[in-house]
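Model the full assembly from the supplied sequences, consistent with the hints where possible.
Spelled out from the first residue to the last, the chains are:
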Amino acid sequence: MKYMLLIYQNPANWDALPEDERNAVFQEVDALVAELTERGEFIGGDGLADHSQTKTVRVRDGVPAVTDGPFVEAKEHLVGYTLFQTDTEERALEIAKGWPDARHWAVELRPLMGASGTEM
Amino acid sequence: MTIDPAHEDLLRRLTPQVLGALVHRYGQFDACEDAVQEALLAAAVQWPDAGVPDHPRAWLLTVATRRLTDEVRAEQFRRRREDAVAAEPPPGPVADDDDTLALLFLCCHPALSPASQVALTLRAVGGLTTAQIAHAFLVPEATMAQRISRAKQRIRAAGASFELPPDSERAEQLGVVLHVLYLIFNEGYSATAGPDLQRVELTREAIRLTRAVRALRPDDAEVAGLLALMLLTDARRVARTTPDGRLVPLAEQDRSLWDRTEIGEGVALVTDTLAHAPVGPYQLQAAIAAVHAEAPSAEETDWPQILALYRLLERVGSNPMVTLNHAVALAMVQGPRAGLELLATLDGDPRVAEHHRLEAVRAHLLELAGDHAAALGAYRKAARRSTSIPERRHLEARAARLEPLKDEPAPG
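These protein sequence lines map, in sequence, to chains V and Y.
Count along the first sequence from 1, add 42, and you get the number used in this note's numbering.
Count along the second sequence from 1, add 51, and you get the number used in this note's numbering.
Treat the hints with caution; some may be incorrect.
As a list, the in silico BS3-like pairs of lysine-lysine whose alpha-carbon atoms are at most 30 angstroms apart [as the list claims (entries may be wrong)]:
| # | chain 1 | residue 1 | chain 2 | residue 2 |
| --- | --- | --- | --- | --- |
| 1 | V | Lys139 | V | Lys117 |
| 2 | Y | Lys432 | V | Lys44 |
| 3 | Y | Lys432 | V | Lys139 |
| 4 | V | Lys117 | V | Lys97 |
| 5 | V | Lys44 | V | Lys139 |
| 6 | V | Lys117 | V | Lys44 |
It is worth saying that the hints were derived from the structure and are not from the lab.
Structure, rendered in structure tokens:
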């Protein structure tokens with residue numbers, strides 16, 4: 043099963059972290075990605091630019107409206123994602139529990155929809 | 052790189068023979084596998100211009116051996132430097148066919164995860180490239196390359212030997228091989244349409260490899276059963292989806308689209324094995340598929356026969372998915388309430404309690420029972436649980452069809 047790990051952060055809390063703790067998070071993530079890659083589980087992933095860079099797009103009656111900033115006002119923002127494939131849900135949860143942002147803020151683990159299906 | 056299809060067929064047929072012979076002679080599965088991949092690449096580059104050599108198998112074996120001895124020399128030099136002693140056990144005389152079988156056993160080694168067994172089998176026995184396998188499983192090539200490389204490391208670390216296991220363990224190991232072939236088939240069969248269409252290659256590959264195993268073990272009833280099951284299932288492929296990728300349930304499929312050649316071969320295989328051999332799960336599933344295949348229309352399906360086969364299947368290889376299908380057959384013979392009662396026994400089973408299939412079957416049986424409100428709820432629940440886009444579309448469409456009927460009173 044393929045999963046997407048959605049990584050959330052509260053930017054105010056992140057800014058308040060001492061630099062060595064922030065570096066530790068980066069190092070842990072590098073080590074996790076290296077482990078997922080070595081096991082043939084890693085599919086992809088990226089960090090997202092600061093939420094202030096967001097453009098929200100809505101189309102109503104064929105008329106697009108583009109506004110700056112996130113649509114939803116929230117303290118926690120999506121800051122990145124990782125895609126991987128594991129044999130079991132247990133293994134996917136193990137990866138999620140080991141992600142440093144799960145300790146500082148929260149991560150969401152969501153299975154991907156696939157285009158395969160069997161007739162019923 | 053494009054390869055002449057005739058060359059590709061030949062190369063893929065020869066792959067396990069060449070690799071088997073090489074591992075048989077030199078041991079070191081991982082190094083031999085690399086050497087054979089290089090020989091295949093050399094053939095793909097040289098044959099289109101120079102023509103196919105008179106003895107293609109010997110040509111490949113020579114090129115692969117040369118690559119391997121280059122490797123081994125470098126490796127031996129390294130080992131000497133590290134003051135280690137390399138001792139390869141001398142292989143005994145074995146026939147070619149047994150080499151291919153031993154190769155399959157090695158690729159399906161129990162130390163590997165199912166995903167790794169599948170990937171390694173497709174490459175080492177099927178002769179597919181890493182890029183083709185990655186494409187078929189919709190993952191980046193680097194991910195698949197790593198999966199294969201890790202699988203080879205694990206085989207080395209497990210100290211797996213390249214020889215046929217004793218007779219007492221052979222049936223069990225052959226069972227693992229058949230399961231891996233079945234996984235490859237399902238991965239291809241469950242692909243519906245659009246960007247996934249190329250995955251049909253996987254069903255063809257699974258059938259080709261199962262035929263190869265059958266040639267090696269012509270008397271094994273479960274090998275024949277699995278081949279029959281694949282053929283009878285694959286026969287419905289064109290009818291099971293619409294051009295835009297929607298799923299068509301068995302009962303609504305246009306049976307004139309079913310492949311009669313595959314059905315004929317599958318029915319003959321399963322009829323023959325059931326008459327001569329002890330019965331196993333693949334044969335029974337094939338027999339059920341054969342009963343469906345032989346029904347001129349959904350209404351004329353011999354459900355009592357299917358029910359009897361599911362009862363046997365529960366005895367030889369029960370699992371929740373078998374019980375789900377058993378419940379449908381029971382409903383068709385004794386009425387939807389009987390099917391729903393059997394389904395209820397799965398509610399506490401952690402393997403299936405949260406699975407969308409349980410709710411989907413329940414919804415179907417509730418609909419047959421005329422309880423539209425409950426069926427609607429179950430279809431919606433099943434749709435939310437499914438991680439398949441075509442299945443979710445199908446379940447949502449069923450729910451939408453019941454929406455106008457939901458306020459009718461349910462029959463008592």
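### Restraint status (C-alpha distance of Lys117 (chain V) to Lys44 (chain V) at most 30 angstroms)
holds, 29 angstroms
### Task
Below or equal to 30 angstroms on CA atoms is what counts here, so check Lys432 (chain Y) against Lys139 (chain V).
holds, 28 angstroms
#### Entry: Given hint Lys117 (chain V) paired with Lys139 (chain V) - CA-CA distance at most 30 angstroms
holds, 22 angstroms
### Task
Sort out whether Lys97 (chain V) lies within 30 angstroms of Lys117 (chain V), counting only the CA atoms.
Satisfied, since the Cα-Cα distance of roughly 17 angstroms is no more than 30 angstroms.
### Task
Verify the proposed pairing of Lys44 (chain V) with Lys139 (chain V), using a straight-line Cα cut of 30 angstroms.
holds, 17 angstroms
### Query
Lys432 (chain Y) and Lys44 (chain V): Cα distance at most 30 angstroms?
At roughly 21 angstroms apart (the allowed maximum being 30 angstroms), Lys44 (chain V) and Lys432 (chain Y) satisfy the hint.
Figure legend: structure checked against the earlier numbered hints; every hint is met.
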